[in-house]
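Asker: The primary structure of each chain is shown beneath.
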Amino acid sequence: TQLLEQSPQFLSIQEGENLTVYCNSSSVFSSLQWYRQEPGEGPVLLVTVVTGGEVKKLKRLTFQFGDARKDSSLHITAAQPGDTGLYLCAPEPPEHTGKLIFGQGTTLQVKP
Amino acid sequence: DSGVTQTPKHLITATGQRVTLRCSPRSGDLSVYWYQQSLDQGLQFLIQYYNGEERAKGNILERFSAQQFPDLHSELNLSSLELGDSALYFCASSVDPGDGGRVFFGSGTQLSVL
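Taken in sequence, the protein lines are chains P and D.
FYI, the numbering for the first sequence is 1 to 112, going by the working numbering.
FYI, the numbering for the second sequence is 113 to 226, going by the working numbering.
One or more hints might be untrue.
Stated by the list, open to error - Computed beta-carbon distance windows for the label pairs:
hint: 1; chain 1: P; residue 1: V28; chain 2: D; residue 2: Q129; range: 32 to 38 Å
hint: 2; chain 1: P; residue 1: V55; chain 2: D; residue 2: Q179; range: 42 to 48 Å
hint: 3; chain 1: D; residue 1: S139; chain 2: P; residue 2: D67; range: 37 to 43 Å
hint: 4; chain 1: P; residue 1: V44; chain 2: D; residue 2: S139; range: 15 to 21 Å
hint: 5; chain 1: P; residue 1: N18; chain 2: D; residue 2: I172; range: 14 to 20 Å
What the hints assert, rightly or not - Derived, one-sided and incomplete: chain P residues facing chain D with beta-carbon distance under 7 Å:
hint: 6; residue: P43
hint: 7; residue: F102
hint: 8; residue: Q104
Hints listed in this document are in silico derivations from the structure and should not be mistaken for laboratory results.
What you are looking at is a predicted structure, and each value in this text was computed from that prediction instead of being measured.
Backbone N, C-alpha and C fix where the C-beta goes; we use that ideal spot for every residue, glycine too.
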């Protein structure tokens with residue numbers, strides 16, 4: 001089982017601040033996915049990073065995959081209350097099954 | 113709206129009881145997944161069905177069972193309920209079992225065992 005560690009576990013910031021959350025493992029992944037789960041909803045896929053060193057941007061969100069493909073980070077610029085939620089990472093599942101093994105997640109609260 | 117429908121949204125029951133959670137996948141999706149989310153365990157994979165057949169199993173207790181029907185909807189049955197079974201239960205669906213990049217989650221069923 002590939003164990004994913006996400007940090008920090010909780011983060012509470014003011015609107016407009018920048019933040020970075022991390023997803024680390026001792027295992028190498030072929031690709032990694034980031035999800036956001038808003039209160040009262042299920043997780044929604046934000047991005048899949050595939051190549052070591054890859055950087056992907058989604059508006060104010062910047063995702064980076066480590067060179068060794070063991071870790072990833074999510075940086076949010078000028079956070080807004082709408083960014084509040086649980087951020088989860090998971091290795092992209094093997095081809096024969098779609099099951100996702102999630103990290104514990106980072107709970108982000110952005111206060112207005 | 114993900115297109116995955118779960119009912120009921122909330123369920124309150126007592127220890128020792130049995131409940132059934134229902135899931136309708138997105139139109140065209142053949143694969144259904146069940147997940148359990150609790151504060152201490154996080155979001156954990158329980159079981160996956162593809163076109164009516166069990167495809168993968170995770171940390172699912174023997175007191176829990178699931179099935180996928182010919183119309184592709186799925187049910188998760190939880191029996192002999194314990195306080196620790198209180199959690200959010202999510203259903204998710206995808207077109208095929210390996211389509212991990214396109215898994216869509218429902219809004220969940222909040223189960224409270226009193």
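Asker: For which of the previously enumerated hints does the structure constitute a violation, in increasing order of number?
Answerer: The structure conflicts with hints 1 and 5, although it agrees with all the remaining ones.
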